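Below are the chains, spelled out letter by letter.
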Amino acid sequence: MADTFALEVVTPERVLVAAAATAVSLRTSGGSMTVLAGHAAFVGDLISSEVRVDRVDEEPLRMAIHGGYVQVDTGRGAVEGVAGVGDGPISGVSTRVTLVVGVAELATDIDVPRAEAAKADAQSRLDALRAGASRTDSSEEARIDLDVQAAEADLARAELRLQVAGVSVS
Amino acid sequence: MAGGQERVLRRRIKSVQATKKITKAMELIAASQIVRSQQRIHANKRYRDGMARVVVEAAKGDPTAARRLLGTVEAPTGVAILAIVGERGLSGSYNTAVFRATERLVNEYRKAGVEVRLFTVGKKAPAYFRFRGIEVEQSFQGFADKPKFSDARLVAAAIAAPFINGDVDQLTLVSTRFLSAGLQAVRTTQLLPLVDPATTAAPLEDESDVKAPLVGYTQFEPDAARLLTELAPRAVEAEVFAALLEGAASFFTAQQRAMAAATENADELSRTLSRIMNRARQDSITTEIMEIVGGAEALRRPKGA
Chain A
1 MADTFALEVV
11 TPERVLVAAA
21 ATAVSLRTSG
31 GSMTVLAGHA
41 AFVGDLISSE
51 VRVDRVDEEP
61 LRMAIHGGYV
71 QVDTGRGAVE
81 GVAGVGDGPI
91 SGVSTRVTLV
101 VGVAELATDI
111 DVPRAEAAKA
121 DAQSRLDALR
131 AGASRTDSSE
141 EARIDLDVQA
151 AEADLARAEL
161 RLQVAGVSVS
Chain B
1001 MAGGQERVLR
1011 RRIKSVQATK
1021 KITKAMELIA
1031 ASQIVRSQQR
1041 IHANKRYRDG
1051 MARVVVEAAK
1061 GDPTAARRLL
1071 GTVEAPTGVA
1081 ILAIVGERGL
1091 SGSYNTAVFR
1101 ATERLVNEYR
1111 KAGVEVRLFT
1121 VGKKAPAYFR
1131 FRGIEVEQSF
1141 QGFADKPKFS
1151 DARLVAAAIA
1161 APFINGDVDQ
1171 LTLVSTRFLS
1181 AGLQAVRTTQ
1191 LLPLVDPATT
1201 AAPLEDESDV
1211 KAPLVGYTQF
1221 EPDAARLLTE
1231 LAPRAVEAEV
1241 FAALLEGAAS
1251 FFTAQQRAMA
1261 AATENADELS
1271 RTLSRIMNRA
1281 RQDSITTEIM
1291 EIVGGAEALR
1301 RPKGA
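So the protein sequences, as listed, match chains A and B.
With the first letter of the first sequence counted as 1, position 3 gets the number 3 in the numbering used here; the numbers rise by one all the way through.
Positions in the second sequence are counted from 1; adding 1000 to them yields the numbering used here.
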């Protein structure tokens, strides 16, 4: 059996996941990484992306996260409170991975029709802004830039949700 | 007529009892909301702790950068204050306590020549401060009862902006903390610069002693200094959200207590009033009997004479 470690995904509203995991794949600003049991202490930022959690004898968990932080703790007692987790490959050093994220959804919780509607809405807003961009004076430009950024962020969020939910993104 | 007083009293008793029904209902509603908001505080705790741990780790990773971003400013020239109150009244001293603490803070800073920019959450705040001649820069309303994380984000972005632009060098929060179901108190906390974890006697420090052999080997991505800079606004969001949740729970607790007192008072009032009313009725009956007896006496006497 593969070594397990304690994994927690916490959002401001609730603890989304608290489980024994064998691996967690995520993306920081420096690139993709997979954390296994016995990983060194680590703190990093999470960019909006898909996170995959592999578990023993269970389907992997997939979730969409929208920005946050990851901390790998390697203290004694780090795994307290999570069932089914033993010591890692190095005796006496256990691993706890905490993902601290503002917004996170499990793939099974994603509302596909809503995400599709949000995507269409963001796309149309973006199109409208781009079409109108040429005939505005400079004083409005900053405001429009912000609107474009907001629409692009909405679009990216909706696309990530659809991708994690398993709907193909064109 | 003697019956007039009785009628007036009866009407008052009726009105007191109607009010009692309302306060009783509000008490029950507030009680049910306390449980829900307490659960939300509990659910938020892991997030708050997780965020605090990340800050601690990042601060340990780059002490030089940490000194710039953490700690207390000795002599600030500009301060932004966020005051969190309720959407409604009828909650005892919940709103007033925050108002007073905020006002005191504002006056202290102004006396010291520090520029103060005030932000508020809760519908009750702008009216109070306007009346006191304290200008509110921005007021957020409509979510103090049931705050969502997106609300906290909005508030955090607005209040952190002057700090990030360098217009103020400190960001302070005045709100009611939900210390326990029986104890809530107004507290003033510093949001930015982030409170130096080394100066607060957090249990986290003990934890790091336990894993002493591994301290100093934490990896960062991006490096700790950049991480800390980006972390600051997120940490403010987390703190504001926690404060909003605790504020909501405190509001309902205060309201429940105030309404329970009002219900009790209504009970006592209606008891006293009905006692007065009964006496008045008795009096009027006695008077009536006396009148009848007196009248009968008066009629009888000339006949017998």
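Everything labelled a hint here was simulated from the structure, so no lab data went into it.
Since the model is a prediction, treat every value here as computed from it, not as a measurement.
One or more hints might be untrue.
[Said to hold, decoys possible] DSSO-like, lysine-lysine: derived pairs with alpha carbons at most 30 Å apart: (1) B/LYS1123 <-> A/LYS119; (2) B/LYS1024 <-> B/LYS1111; (3) B/LYS1045 <-> B/LYS1021; (4) B/LYS1060 <-> B/LYS1024; (5) B/LYS1123 <-> B/LYS1021; (6) A/LYS119 <-> B/LYS1020.
[Unchecked claim] A few chain B residues that face chain A, going by a derived Cβ cut-off under 10 Å, partial list only: (7) GLU1221; (8) ALA1225; (9) GLU1230; (10) ALA1232.
Ideal Cβ placement from N, Cα and C applies to all residues, glycine included.
Evaluated hints:
no. : hint                    : verdict
1   : B/LYS1123 <-> A/LYS119  : 34 Å, violated
2   : B/LYS1024 <-> B/LYS1111 : 45 Å, violated
3   : B/LYS1045 <-> B/LYS1021 : 37 Å, violated
4   : B/LYS1060 <-> B/LYS1024 : 53 Å, violated
5   : B/LYS1123 <-> B/LYS1021 : 26 Å, holds
6   : A/LYS119 <-> B/LYS1020  : 52 Å, violated
7   : GLU1221                 : 4 Å, holds
8   : ALA1225                 : 12 Å, violated
9   : GLU1230                 : 6 Å, holds
10  : ALA1232                 : 12 Å, violated
Hints 1, 2, 3, 4, 6, 8, 10, counting from the list given before, are not met by this structure.
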